[in-house]
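Asks: Protein chains in written order, with the numbering used here: chain G, 1 to 357; chain F, 358 to 714.
One thing to keep in mind: the hints can contain errors.
Stated by the list, open to error - Okay, derived cross-link-like pairs now, EDC-like style, lysine to aspartate or glutamate, Cα gap no bigger than 16 Å in a straight line:
hint, chain 1, residue 1, chain 2, residue 2
1, F, Lys541, G, Glu195
2, G, Lys152, F, Glu571
3, G, Lys184, F, Glu552
4, F, Lys541, G, Asp253
5, F, Lys541, F, Glu567
6, G, Lys5, G, Asp50
7, F, Lys585, G, Asp227
8, G, Lys228, F, Asp584
9, G, Lys152, F, Asp610
10, F, Lys509, F, Glu397
11, F, Lys509, G, Glu195
12, G, Lys94, G, Glu115
13, G, Lys184, F, Glu397
As the list claims (entries may be wrong) - Computed footprint of chain G on chain F, listed as stretches where at least three residues anywhere in the stretch have a Cβ under 8 Å from a Cβ of chain G:
hint, region
14, 420–434
15, 455–462
16, 473–482
17, 487–501
18, 649–660
Just so you know, the hints here were simulated from the structure itself, not pulled from any lab data.
As the structure is a computational prediction, the values presented were derived from the model and not from experiment.
Every residue, glycine too, gets a C-beta built ideally from N, C-alpha and C.
There are 2 protein chains.
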Amino acid sequence: MEIKKNLLPADKLQPKPKDENALGFGRIFADHLFAMDYEEGKGWINARIDPYGPIALDPAALVLHYGQEVFEGMKAYYGKDGGVYLFRPEANIKRMANSCARLCMPAPDKDIFLEGLMELLRTEKGWIPKAPGTSLYIRPNMIATEAALGVKVSDNYLFYIMVGPVGAYYPEGFAPTKIYVEEKYVRAAPGGLGEAKTAANYAASLFAGEKAHEEGYTQVLWLDACDKKTIEEVGTSNMFFVIDGEVTTAPLDGTILPGITRDSAITLCKHWNIPVSERKITIDEVIKAQEDGRLDEAFGSGTAAVISPVGSFTYRGQEIPVGKGETGDISRRLYDEITGIQWGERPDPFGWVTKVC
Amino acid sequence: MEIKKNLLPADKLQPKPKDENALGFGRIFADHLFAMDYEEGKGWINARIDPYGPIALDPAALVLHYGQEVFEGMKAYYGKDGGVYLFRPEANIKRMANSCARLCMPAPDKDIFLEGLMELLRTEKGWIPKAPGTSLYIRPNMIATEAALGVKVSDNYLFYIMVGPVGAYYPEGFAPTKIYVEEKYVRAAPGGLGEAKTAANYAASLFAGEKAHEEGYTQVLWLDACDKKTIEEVGTSNMFFVIDGEVTTAPLDGTILPGITRDSAITLCKHWNIPVSERKITIDEVIKAQEDGRLDEAFGSGTAAVISPVGSFTYRGQEIPVGKGETGDISRRLYDEITGIQWGERPDPFGWVTKVC
């Protein structure tokens, strides 16, 4: 498909942020986005680079009432050699297709998705920050646009990719997080939408997240919907535990997001001959391990933070400290290796890195 | 709050639908809507009647990514005396406030909500259809509009009320529905969003709903998320069973929508001294009752259909017929009474009907 370019004239472009140490996350957006439309019977049409600006939606657009929506999160960044890189974009494209299937939505063709993304990145190369740890966050989003108030699968969709510079996640080095173990509220149940990257899971997380933030916690650890014992995931990350030297994380059984950083961490552990298992682990097992001095490390994995070490869990009013209160060896090694591969400082034996330009 | 009126000139108004027997549902919208904005620190501002038209949203608007949204469904209609009426609008306003609390959203002030709705109805009185059983469907909707890609509670919102004429639900009389009992997919879990009228629950229902429609069923009956045994609700309705003359429906324990028609049906049964109980009922109990010849009736309750008799349930490949395959006495009596009260044909002992003009 040909991509039409509706570019702003040079004098209409926004100034780039001056301070790359104050970018924050998800507040600054580049001058253009990639977009295309889906119409029942026509398929994907109108691939284009458009100026970033308001989307006009009918007040009855299905996304505004029934949440038919899926998204992705990726990053582009400057490598050591001055080239622009992506990390495992094909994995995000595949996951979005899986999310689409769960939400009864037509997946964007993978070649057009990647081509549109590449074209946008070439157009907005000037928005990719250069300070250490910074990157250009990429948000592919797809929304149901048909105007209808009956609950139905939409006939029409808008797919767009927006980008914006984001700051380093750990400008002052790793800061172990405090996690609240949630027993009352639930993110996703078996048979629900937990494995899809879709609005509903995030809407379900807001109330418990607000409560945890007010009480000084960084994130909420979700337990399974039924017994409230099995560990699922942490807010925007998958969760790993290192117990007796074994790395353990929840299996992909439908209620948790199949994280791409999660997969990268598992792959690297296997590559290093570190025992790693994807199995159900309960909060009781974690508490017992801590009591026995066997809870070496705990960390989250996700696109934004890559690896996020956990300092403590709070469960039923009791604080469960992790390891020695410092970032563990495996957490550090995974962070260094994944970011090293991303930035081209280390070899890329799995072919994870894709050069944009 | 003063409501600003931005009305279209008479020559810009759409023609009204000519055939009131072909209105369908949720496809035709009146010329104007009521809207107001919420800004953190300012509260609700800019109450207005605007021409119906596209809403301009930032591509990063939180509703488009994380589903922070709540809505309601109501109807306005002509009564027997030629007046325009609403049915229990204060109950919808209260439910929307409860939905807002669950989604961390500021509830619209109830007086402004009702005033805005009344002003819109007076403006669009010409859109209320007159054919028997038709009405003006009312959709209050509230969406998170802040532009931010970090998962957060929005600082800004848009609240709007849109209206449109809808057809009679049973133009040819009651048609008992075929219901598919869903064992794999889940609508809502304890600790989830089930009792809020919010996008996430509808997004979760799409896949199973599509599958059921393809196989010829009208609706999906949801079971509880954990044991898949306890009956929750049917798609867009609450579910009632009449067993041995007792009317039973699921209790409001957090996973089902607290239906206003559900409450009206319970109130009327009590008023008539028909035994009615809000308690957990399992699909096994329904099957056993049917086998013993004690399953007299089953029906859904909701704003659109009012009362929707069920002809059969299909569970694990077996069809469970209900009663004698005809609409039961209690289903019929509730339908006649509620619609009779709505249309002003019967006395209104509970003060459910509100005159608009």
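Asks: Does each hint hold? Answer for all of them.
Replies: Status of each hint after checking the structure:
At roughly 15 Å between alpha-carbon atoms, Lys541(F) and Glu195(G) fall within 16 Å of each other, so this suggested pair holds. At most 16 Å may separate the alpha-carbon atoms for a hinted pair to count; Lys152(G) and Glu571(F) meet this at roughly 13 Å. The straight-line distance between the Cα atoms of Lys184(G) and Glu552(F) is roughly 15 Å, inside the 16 Å bound, and the hint therefore holds. For the proposed pair Lys541(F) and Asp253(G), the alpha carbon gap of about 13 Å is at most 16 Å, so the pair holds.
About 14 Å separates the Cα atoms of Lys541(F) and Glu567(F), which keeps this hinted pair within 16 Å; it holds. Straight-line distance between C-alpha atoms of Lys5(G) and Asp50(G) comes to about 7 Å, which keeps the hinted pair within the 16 Å bound. The hinted pair formed by Lys585(F) and Asp227(G) meets the criterion: a straight-line CA distance of about 14 Å does not exceed 16 Å. Only pairs whose Cα atoms come within 16 Å are accepted, and Lys228(G) paired with Asp584(F) is accepted, the gap being roughly 14 Å.
Distance restraint check for Lys152(G) and Asp610(F): the Cα-Cα separation of roughly 27 Å exceeds the 16 Å cut-off, and the hinted pair is therefore not satisfied. At roughly 14 Å between alpha-carbon atoms, Lys509(F) and Glu397(F) fall within 16 Å of each other, so this suggested pair holds. For the given pair, Lys509(F) sits about 20 Å from Glu195(G) by alpha-carbon distance, which is inconsistent with the 16 Å threshold. Of the pairs offered as hints, the one joining Lys94(G) and Glu115(G) holds, with about 15 Å between alpha carbons and a cut-off of 16 Å not exceeded.
For the given pair, Lys184(G) sits about 28 Å from Glu397(F) by alpha-carbon distance, which is inconsistent with the 16 Å threshold. Restraint check on the region 420–434 of chain F versus chain G: 8 residues with Cβ-Cβ distances below 8 Å, three needed, restraint holds. With a threshold of 8 Å between beta carbons, the proposed coverage of the region 455–462 of chain F by chain G holds, since 3 of its residues qualify and at least three are required. Coverage of the region 473–482 of chain F by chain G is violated in this model, with 0 residues showing a Cβ closer than 8 Å to a Cβ of that chain against a need of three.
For the region 487–501 of chain F, the assignment as covered by chain G holds, since 4 residues bring a beta-carbon within under 8 Å of that chain's beta-carbons and 3 suffice. Look at the region 649–660 of chain F against chain G: 0 of its residues bring a Cβ nearer than 8 Å to a Cβ of that chain, fewer than three, so the hint is violated.
Going down the numbered hints, you'll see the structure goes against 9, 11, 13, 16, 18, while the others check out.
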